[in-house]
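Number of protein chains: 2
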Amino acid sequence: MIFELTILGNSSATPTLNRHPSAQHLRMLDYQFLIDCGEGTQMQMQRYKIKKSKINHIFISHIHADHILGLPGLLFSMNLMQRKDPIHIYGPETLFEILDLYFKNTDNIINFEIVKHITQAEKNEVLLENESVKVVSFPLFHRVPTTGFIFYEQKSLKKLNKDNCKKYNIPVTEFLSIKKGNDYISEDGKTIIKNSELTFENKKPMSYAYCSDTMYDERVIQNIEGVNLVYHEATFLHEKLERAIQTMHSTALQAGMVAKKANVEKLLIGHFSSRYDNLDILLNETKSEFENSFIANEGEKFIWE
Amino acid sequence: MIFELTILGNSSATPTLNRHPSAQHLRMLDYQFLIDCGEGTQMQMQRYKIKKSKINHIFISHIHADHILGLPGLLFSMNLMQRKDPIHIYGPETLFEILDLYFKNTDNIINFEIVKHITQAEKNEVLLENESVKVVSFPLFHRVPTTGFIFYEQKSLKKLNKDNCKKYNIPVTEFLSIKKGNDYISEDGKTIIKNSELTFENKKPMSYAYCSDTMYDERVIQNIEGVNLVYHEATFLHEKLERAIQTMHSTALQAGMVAKKANVEKLLIGHFSSRYDNLDILLNETKSEFENSFIANEGEKFIWE
Chain A
1 MIFELTILGN SSATPTLNRH PSAQHLRMLD YQFLIDCGEG TQMQMQRYKI
51 KKSKINHIFI SHIHADHILG LPGLLFSMNL MQRKDPIHIY GPETLFEILD
101 LYFKNTDNII NFEIVKHITQ AEKNEVLLEN ESVKVVSFPL FHRVPTTGFI
151 FYEQKSLKKL NKDNCKKYNI PVTEFLSIKK GNDYISEDGK TIIKNSELTF
201 ENKKPMSYAY CSDTMYDERV IQNIEGVNLV YHEATFLHEK LERAIQTMHS
251 TALQAGMVAK KANVEKLLIG HFSSRYDNLD ILLNETKSEF ENSFIANEGE
301 KFIWE
Chain B
1 MIFELTILGN SSATPTLNRH PSAQHLRMLD YQFLIDCGEG TQMQMQRYKI
51 KKSKINHIFI SHIHADHILG LPGLLFSMNL MQRKDPIHIY GPETLFEILD
101 LYFKNTDNII NFEIVKHITQ AEKNEVLLEN ESVKVVSFPL FHRVPTTGFI
151 FYEQKSLKKL NKDNCKKYNI PVTEFLSIKK GNDYISEDGK TIIKNSELTF
201 ENKKPMSYAY CSDTMYDERV IQNIEGVNLV YHEATFLHEK LERAIQTMHS
251 TALQAGMVAK KANVEKLLIG HFSSRYDNLD ILLNETKSEF ENSFIANEGE
301 KFIWE
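Same order as they appear, the protein sequences are chains A and B. For the first sequence, the numbering used here assigns the number 1 to the initial residue and increments by one for each residue that follows. For the second sequence, the numbering used here assigns the number 1 to the initial residue and increments by one for each residue that follows.
Errors might be hidden in some of the hints.
Identical copies carry no separate label here, and so any pair may be met within one copy or between two of them.
Stated by the list, open to error - Simulated crosslink set (BS3-like; lysine-lysine; CA at most 27 Å straight-line):
| id | residue 1 | residue 2 |
| --- | --- | --- |
| 1 | 261 | 155 |
| 2 | 104 | 116 |
| 3 | 166 | 194 |
Calculated from the structure, these hints are not laboratory results. Everything numeric in this text was worked out from a predicted model, so none of it was measured.
If we strip away everything but chain A, and leave its shape as in the complex, we get:
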């Protein structure tokens, strides 16, 4: 299993000297995803050694400046780097209007295909699905239509117990069936060997939920129930609850409540208001609800093994 999440930005709308607007890079099996793309993301990618050329899918949660302003520059840079591979972008319709206006007004012709996937924030939607990964969007509750994203590792094939396969003389032609979980049955039907004898169990598939930006809402909890790792915004301390409600954001305490109620394994918090220099007070508040919580520090890599 390969899961590596790199935080490229953890600031809310106003960036600070050391905190950039929202962006994350997720390496999951053979895929490299970019999640949101605030101003300066392409420079943050350079800083943390993320190769632009390896990213084929970009997910944008909503059309607020601090989640999208880095996208035109990233695409222009990809073009200058002679990119030829198509790129899939998932986001609200308006995002593509903005990109089209930039492309219309420049002489830098984009020489690769931008495959537009218009998201909608009213219901869950499968955005990408194949043998190895599945990506689902789900509604968040913010001032403009906003989606969260869940990245699932699909159930992978089992690993062969080669020693036992040899011992029982299992023909190579049966290997795929066995990897898929079937028992071995010989041609004459006389020999049956249980699958558990011939394979090793894989770990439980990994899942990661990205929740930004959103106010506290029970429907979010239902959607992310039981995922391994959650990123949840924590713009304010709970003493600013009124401001959080007014701007449709969450408090650090609420982020912890969501993680606890959804029975997740681990929580990352981010999207911090520029008023907070010391992020530990936010983390402590979250931990009062959910102990296994961490600050999504810029440049930090969260690896799941």
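Given the coordinates of chain A, assemble chain B onto it according to the supplied hints.
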């Protein structure tokens, strides 16, 4: 005289880890100007302690991504900081189309006035003029309509020689006329005192020309003839002349030629291609034509006294 230029970005289209796209901050007398606004400019302003709230005039040379992508974020941040003062933006018409599309699609209503000044790149134009400063745009020669800008300190009033004014019993009511350079003539016309006896000479007014992006063209030289300080792009070494011509940029050697032929006092070069790690080789090439040349290093302040 107050003249302080801070370099916020000196990279060409593809930013590098340490070089941001084009942006400069100019403090001239009572004015604070922003010149171009590449991605990340608002963070660079924080880094180099430039206050967003003090800027009332923004000049954009042309609609290429590396000169404009920081503008929407800067304006949104100004708004979040409760700005009320109008801001004057000078740039091509398309710039305002792009800004309008962002504003149309956000719920963050901009609560200050954006005064739009549409520039045109066919001829010289006075963009701003008053008793203390004058800003002129002039054509550059690039792939899209592009203007340079010249910032002039206006001829300021002379400084009174108070001791001599007292000695000659000059009435206070005559002081303004004398500061403007007139001789003193008594009411009966009998006493005439030369202005040079009553005032100190001020230094020559300061002028600064911003030339980015442009290919080498003699018409640029005519426009910036005799200014004190010039910033000129130097995207490539002269060995890449063919590439410079193809992309309508200048070489470091050509930047030096322009400064020499225009009889300027001092030259700054910037807008470097990301292929150059070592900027000294570019500077050396420029100096072979014009000795008083400097790298426009990020964060560096050029002060004129």
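> Which hint numbers does the structure go against, in order from smallest to largest?
Replying inline: none
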